[in-house]
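> Heads up: the sequence lines are chains E and S, in that order.
All residue numbers for the first sequence refer to my numbering, where the first residue is 1 and numbers rise by one.
All residue numbers for the second sequence refer to my numbering, where the first residue is 1 and numbers rise by one.
The reader is advised that the hints may include incorrect statements.
As the list claims (entries may be wrong) - Covered by chain E, per the in silico footprint, the following chain S stretches (three or more residues, Cβ under 8 angstroms): (1) 32-45; (2) 347-355; (3) 385-397; (4) 444-455.
Hint data in this document are derived by calculation from the structure and do not stem from the laboratory.
Since this is a predicted model, take the numbers as computed values, not measurements.
Idealized CB from N, CA, C, for every residue including glycine.
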Amino acid sequence: MTSNKTNYLKSIGHYHPPTQDTEDKFFGNQLTYLCWENHLMYCAPFCVPLPPSLPFGALVRDVLPMLYGEHPEFEQIDWQRVRWSDSDSVFMPDFGKSLKNHGLGHKSLIRFITPALEGSRNHIDTQTQAF
Amino acid sequence: MDIPVKKKKKLGLKPRYAVMTRGLSWDTSYQPMEKVFPYDEFEGIKIHDWDKWEDPFRLTMEAYWKYQGEKDKKLYAVIDAFAQNNGHLGVSDARYVNALKLFIQGVSPLEYYAHRGFAHAGRHFTGAGVRVAAQMQSIDELRHYQTQAHTISHYNKYFNGMHDNIYWFDRVWYLSVPKSFFEDAYSGGPFEFLTAISFSFEYLLTNLLFVPFMSGAAHNGDMATVTFGFSAQSDESRHMTLGIECIKFMLEQDPANVPIIQRWMDKWFWRGYRLLTLVAMMQDYMLPKRVMSWKEAWEMYAESNGGALFKDLARYGIREPKGWKDACEGKDHISHQAWGTFYQYSHVAAMHTWVPNADEMEWLSEKYPQSFDRHYKSRLDHWGGMQKRDERWFNQHLPMLCQICQVPMMFTEPGDATKICFRETLFEDQKYHFCSDHCKEIFEHEPRKYVQAWLPVHQIYQGSCFPDDINPESPGDSPVREVLRYYGIKGGQDNGDFDASQDRKNFDQWLGKKPTKGA
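Looking at chain S on its own, in the form it has when it is part of the complex:
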């Protein structure tokens, strides 16, 4: 039997989007709205009209699955081909793989944290538009973690130092830098979280993270990583849009929001910048085929793009972040300081380090005419000399850390690269030390939040970083060995100098090269 069906006209893209996103939201009546959405008020941000929120994505769930599904198909085809063709043999040099170790250890877990953070934000904003955006980003971030883990798992079959990134993330000293950064962000309220991650990190600084890693991969023959980078790129541009939209929305809603947002920008610009020290080091020292120096990247992506952004935001009464000038000054120094740190502590890390070869030293001198020869070259020469005498130097004692960024106190005084920068404050009769004015200011604004910081060095001395069979009060003749056992890092295999590494030895063999000295 035929029932005549009146053919309904399909909705256009815009109304369809409205129906399938905001249209699915409702105001609660059994419980007052402020009890259902308690998190979006305590930070002090005032929102008068959530309908003024401009949705940055304009994407329904249905369209979202379709796009992401297509991207995944392409990516996984490339990963398969890469594995079948032994793609790892095509990288420029086995040293390059250490950049991937840094990525899977220090960056990928942040994708997972972002997934959790946006899921929380996606639940707790009162406005439906921003909830939808945050939920979609949450799914993106989970996908990014997965694609990265799947891509890099191929390398994990052939190289050391990539087998336990999540376990390490919660324990290993240098990974407390990204970990504490993100935990600080997602333990804030949802508005601070979006300012921290969507705006300061994704909008302002993300190019400094992704461009160096992805173009570094391209230059060094790592097509698998390039592909996951591309696959994430269209998501990243949505995320950047969310960042700027969120900032403009908050600024336009109430003038009382301006000083709160300014303080968050000061804080999160600086925290993000400190975190990027790891990228700076990767860019200048870990890519056998270099793309551009950290200094050049900073000038291009931060100084010119960021400068224009803050000019644009000036009409809201927003100025550039307080740490801006110090960050610009640091472009001549931080990569060298970080590599020096990893070089001397690489026996307790999960990657290899090395002294740059003669060509690389020349490149560094050329790219850093103001700083490299004057401040950094002679220490690398000295270490290289020790290594030639078979006395490869490792620093056997633990460094002092900054209470906020948790980076070893390796940064020098602005304007004087021969002197460590120290700042300190007293809170409830206890001293706290910082690497900079800006980390100190972050502490002083919310000291209670940071007195609980889990500083790896202090935790080792409290006995929290030994395996269960060790008495924390007297860990025996080699506490470092026990700490590595607790970390699950194999000393000499997952770490130490590249020259003496299994990675190097294997790679040379696979390529049919004669083993060289050290390997």
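Isolated chain E, as found in the complex:
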């Protein structure tokens, strides 16, 4: 009978299952989650494997258009005005520096808000598309 704090689960005997998604299993990449806030045409945020050395500028230039480029508002994004956060904490990216330099590690969640491009917040009463 085992129910100990160090095991962090209730089990009948000692049971220590391995952690499934450690960073070493992704061929040198880290999992990165990306969310363009309020743009719910994409049902959920994305999960992509990226090299930790990827410059933030390359994320914006290459990765985001690939993921979100089909949204009608994407072309209009003014990247200078975008507000970024790492989970809930806001940060100012340096486009020349890598994800790692920004402290964005394995399974980080990068969220970005595009002021004036409101996606699902657009109002249905004004006949703008809200998604």
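Chain S: place on chain E using the hints.
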């Protein structure tokens, strides 16, 4: 030669039941009882008197075989007649068959899991009464799997996407939602298992699963499915009785059981509710002839029935599950969010999706006055517009999943349907992400159990979901194609848009309709 036989009086129903169930049990003497029944203590549930258990079924094995045999005879006669009369031609519209695909892929394998789970519980409780009940339910569940497989096999001859449900269940991304739900339940102890399945699922939520599917079948001309539903119904009511009996028994045995059971109810209500997202979507989007909206079903079966139940349980110190209010708020949203997800990922699923037609959109607006026009209609209009320009949109990149329910992170913040709901926690220096406070809480209570979760998206990136001839590190120009090959799903045939499907083309031909655009 005549030996006079003294005619014994036949036992009455009640003593006969007692002799043929509990009467067959004994206390072990070569080994101590706690070594023979090791599983019913480690969860912390205290039982002082197993004799206080009220048997919910009052059914001997002999009577059980008789009843089930009769039901099977009727069911198989209907299945035969359905096949001989080409019953599949009588369904409302070939889109309906996708609801059956969802059922055979995502629900029927759970019947088999339930069979295994109850067989385990039926071995491991010390009390003979509950062992008998669990064993009978175990046999019911196996029968349910079989009747469903046999009924739906008729459709499998004529439609795509139903030929390999068990293989898919262990592999395909959206099926990890029901799979992980049940594996979580049956890897718990027997008391948690009964709370999870018998109480939270069967007693509290089962009407939300069976009523929509079975009345959906009736409304859409699928008599075969209606019949297996009826054939399972009397079993389901026994299962519900077991659920409530088990809860009351545990609560009455020791006050120390109350907080443990409350936590399990919090957990399993929420896990069951998340699983039912698939039913919500089916009900609002996949039935060409609709029965009632998910919202109406939720209000009827969960809010009023469930509300009364928790009032009744209050005398034991039990309150409604923590996620209750969030679940009630979600009734306006989850079906639309789920359909949006399947719509954009249906090129990697084993079913077809479509944009609802004008009448259906109107119905959705009417049934969801607070949410549909405001949040969901314009994205469907946009997709419909793309489709008209022959640019049917599929999302080509993989979504982030919740660590617990494994549903793509599509649920929005309670109170704000324009914002994805994110929760996260840190365990042993690794981040874990969740769709809700309640999934996060489940993780934080037993993190070690969930760090091993097999999340389909992460597994694809680890290279675990490619056929053997593929180098996982560089799967070539179309990793999605290779993943489908690994799943055993034929892209464009088993999935994609309904308009362009073989299912639609065939169905139109069988009914003598002219092929329409797209087909």
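> Count the residues of the stretch 347-355 of chain S whose CB lies closer than 8 angstroms to any CB of chain E, then report whether that count reaches three.
Answer violated; 0 residues pass the 8 angstroms Cβ test.
> Quick one: see if chain E covers the stretch 444-455 of chain S, three-plus residues with Cβ-Cβ under 8 angstroms.
Held - the stretch 444-455 of chain S has 9 residues with a Cβ nearer than 8 angstroms to chain E, which meets the minimum of three.
> Under a C-beta cut-off of less than 8 angstroms, do 3 or more residues of the stretch 385-397 of chain S approach chain E closely enough to confirm the stated coverage?
holds (count 3)
> Checking C-beta pairs, does the stretch 32-45 of chain S have three or more residues closer than 8 angstroms to chain E?
holds (count 6)
Of the hints listed earlier, the one the structure fails to meet is number 2.
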